[in-house]
Amino acid sequence: MTRLTRPHFRLCALVWLALLVSPLVQAAPLSIAQLMAGLAKHPQGEATFTETKTISILEQPIESSGELLFIAPARLEKRTLKPKPETMVLDDGILTLERGQRKHVLQLKDYPEVAGMIESIRATLAGDLKALERVYQLALDGSHERWTLVLTPLDPKVGAVIARIRMEGVKDVVRSVEIIQADGDRSLMTIEQLAPPQ
Amino acid sequence: MTHTRRSGTAAIVLWLIFLLACVGIISRTHFTTDLSAFLPRSPTPEQQLLMDQLSDGLASRLILVGIEGADAPTRARLSRQMAQRLRADRTFVSVNNGEPVNTERDRDFLFGNRYLLSPAVTPERFSADGLHAALSDSIDLLASPAGLLVKSLLPRDPTGEMVQLLEQLNSGTQPELVEGAWASRDGTRALMLMQTRAAGSDTDAQQFAMAAIRQAFDQALDQAPGATPSAQLVMTGPGVFSVTSRDTIKRQVTRLSIISLALIATLLLLVYRSFSALALGLLPVISGVLAGIAAVSLGFGAVHGITLGFGTALIGEAVDYSIYLFVQSEQNRADHQNWIKRFWPTIRLGVLTSIAGFASLLLSGFPGLAQLGLYAIAGLIAAATVTRFVLPSLLPANFHIHDLSAIGLTLSRVAQRAAALRWPAAIVLLAACAIVVNNRASLWNDKIASLSPVSQADVELDTRLRADMGAPDVRYLVVVSGASQESVLRASERVSTLLQTQVEQGELAGFETPSRYLPSLSTQRARQASLPPRPILETRLAQAVQGLPVRAQLFTPFLADADAARSQPLLQASDLQQTSMAMAVDALLIQQHGQWRALLPLTAPEGVSIDADPIRAALSAMPDALFVDMKAESDRLYSGYLHEAIVLSLGGLVAIIGLLFVVFRSPMRVLRIIAPLAAAVMTVTAGLSLFGQQMIILHLVGLLLVVAVGSNYALFFDRPDPRTPILPRTLASMLFASLTTVAGFGLLAFSDVSLLQAMGVTVAPGVILALFYSAIFARQSDA
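Top line first, the protein sequences correspond to chains A and B.
The opening position of the first sequence corresponds to residue -5 in the numbering used here, with each subsequent residue numbered one higher.
The opening position of the second sequence corresponds to residue 319 in the numbering used here, with each subsequent residue numbered one higher.
Among the clues, some could well be false.
Said to hold, decoys possible - Cross-link-like lysine-lysine pairs, in silico, DSS-like; alpha carbons within 30 Å at most:
id : chain 1 : residue 1 : chain 2 : residue 2
1  : B       : Lys949    : A       : Lys47
2  : B       : Lys765    : A       : Lys97
3  : A       : Lys47     : A       : Lys151
4  : A       : Lys76     : A       : Lys47
5  : A       : Lys35     : A       : Lys124
6  : A       : Lys76     : B       : Lys469
7  : A       : Lys151    : B       : Lys469
8  : B       : Lys469    : A       : Lys78
9  : A       : Lys47     : A       : Lys97
10 : B       : Lys765    : B       : Lys949
11 : A       : Lys78     : A       : Lys47
Note that these hints are calculated values from the structure, not bench results.
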């Protein structure tokens, strides 16, 4: 992370200088509303992901990878290709999980913990500030060029499972999602954009 | 004269005794409105099952409740308060609204018995290879979004038996939770599902249960701080249907009898201009109705509401006899005797004709139809007998009714000219024949739903709530019978294996079986035997974790649990008590008449109905297992009744022709009497078809009534010598008789109950047509 901060800082400094010499432009930190508006500009996105889960009862982290597809506002597909093919489709509150022969259809509302995790990604991608604020307390740090959004669950029931969710992004693109569970287990998903944002 | 008087007194005394007896019988009669009248007297195994399920099955005990109006939080609160109250009520076996009442207990039960319950427990699964495969599956599951839910289970249940069980149980779709209570998908109504303790066929108990639900709703409303008058309660379910149809039938029968009686009384009063004539004229009717109900009560042990409805209509027909007596006879006592001599043989023949027609219904395997047949026969005999033997003696010496000769003479002139209508009538009749022949394939509705007294709105509500709830419609079932609980459970397990193949092939979406919750003892023992002794399991586990990111020590709790499971007591039905699974087992595992039966309801793939053939073929090796399509079975049952009734009615027609032939010994006369009746029947049938009304079994009863009533007209118009004109008084009596019949039956045509409506729309126009055709095709006196 520190590796990335330095050029980032330089960039910020440059921008700050530019703003100083241009009195017509007001300098302002990135607001959540601005970030969300920017994210909402992309109604559709395709990406690949790599996810690393660190679970205390397992000797080593488990890695999985696959593809992500998002169609605003409510459809999110996560297709895991490795180690085992698995599909998770969220469509308008209904979560469909497919593993091998088995298919499960869940009403997301019935599983607040799972819902918390998945909704955070969907709502962020959709730039749906209202949906995020319903479930989380939001804290934004950084600038448009490089930002970090930390979500802390409001519902203590969800908080008992998820400590916080930390997202990092560049401009209008989410780059990583880290979920830190209350028991210390964590997962980090890094996202690599495929199609250029439309 | 003295002789006549004495025999008259005797007749009155006998009549009064008879009436008292009838009232005595009726006072002890049980009145029903349930489906019992539609169930066969000698059922096949499938029909027996259908009957049991309709009267007592799981589906019959379900009440679906919806709370509409107000806002979502209010609805959810009402639902929770109602549920809390009703859960304490013995009337209900279970009250579900999505609140996690049993969840904890259910999970404990499943987890504690996972090695007895899980179908995945086999010796192979607990070999080193099997454990390795199961473990790597579980680890993969940890990596998936669902991993969160199974993480804590891993040390005790590394093979994922709990996940197996939960997957099986959650195969059905459940409604969404909104504010902690079930809600419909569109979010406009809160949903509850209740199971009553009493059978669905116990209409009184169902009514009681409905009242308890309504009361709980009202109390929940009262507790509301801000009153919520916009909240509404809706209920549906088989029991609710029988309660509302009983109410509907009761209300309509009462209302229609009152109105038709008032109409007929007004009509008669206009004709007779005499209250005593009116009162006396209704005596045969009342006698007929009482005799009819008493006869059905004696013959069948219970009287169906529809039979009573029919009774109200019969008022219109039975009143004919007194009209004939009063209008046709002269204004003095001697003439009443004269009437008996001149007209009674004709009326007697009319009554006999009617009886011949209705007697065929007595042979019907459909108890509802047989009841109507018996009612009609007993009612007509009683009414005619009272008119003939009692009524003349009751008439006061100065009895007279309004002079009707003016009307009679007018009618006489009209009747003279009726022949001019022969050609138009013939054309109408030909057109009717053409319509009937053309539409012969769609004349009848042989779906049992056509008989249902439930309104369309209620059916739609039911469909909506059912879809919201994902409630089983229990249409397709596999039934396994056997001598003991163990044997049917074992057979269910074999059937399950066959059905699972069908599920995998996509023929079925899923199925339910009691062996899922309560495996047979032999299966439980086999599962226990699949678990190796602790030292062996420990060794295998150590091998199994090779190459996996876990340490064997993590699974010490698993070793202890598996070891305990090897010697844990086997599950009995009583162990399920207090869990949600108990309700399923109670409904699916039935002991009846010393026999055990397991029901395995099948779920069709979405939007498709189940193809019976592959399933029957798969089950063919198991003689104890029977595949039943309840809807097809009930439709088959009803269409069987319908076809039988059509054949029986034709038999009745043959009997009528035979009777007339024996009496008249002239084919031409028989033809002349039958022809107008056949023409009326044909025209009514064509008319119904033209108006798009498909005929049900009660239309057929209506047609029989048209023949019964119309035969009187045809007989009056029929004269051996065409030169004797028909008396004007006779014509007037026929007109009034047909008007009262139309008043009696015509009202039924406005009923919402399809059974009553069918009779009304058939009889009212049919009787008028029979009168017209009789007049038009009568031999002309001036010919």
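Comparing the hints with the structure gives:
1. Lys949(B) x Lys47(A): 52 Å, violated
2. Lys765(B) x Lys97(A): With a Cα-Cα distance of about 37 Å, the restraint between Lys765(B) and Lys97(A) is violated, given a limit of 30 Å.
3. Lys47(A) x Lys151(A): Cα-Cα ~22 Å, so holds.
4. Lys76(A) x Lys47(A): Holds: Lys76(A) and Lys47(A) sit about 13 Å apart, inside 30 Å.
5. Lys35(A) x Lys124(A): 16 Å, holds
6. Lys76(A) x Lys469(B): Holds. Lys76(A) to Lys469(B) sits at ~20 Å (cutoff 30 Å).
7. Lys151(A) x Lys469(B): 17 Å, holds
8. Lys469(B) x Lys78(A): 18 Å, holds
9. Lys47(A) x Lys97(A): 23 Å, holds
10. Lys765(B) x Lys949(B): 9 Å, holds
11. Lys78(A) x Lys47(A): Given pair Lys78(A), Lys47(A) holds - Cα atoms ~15 Å apart, limit 30 Å.
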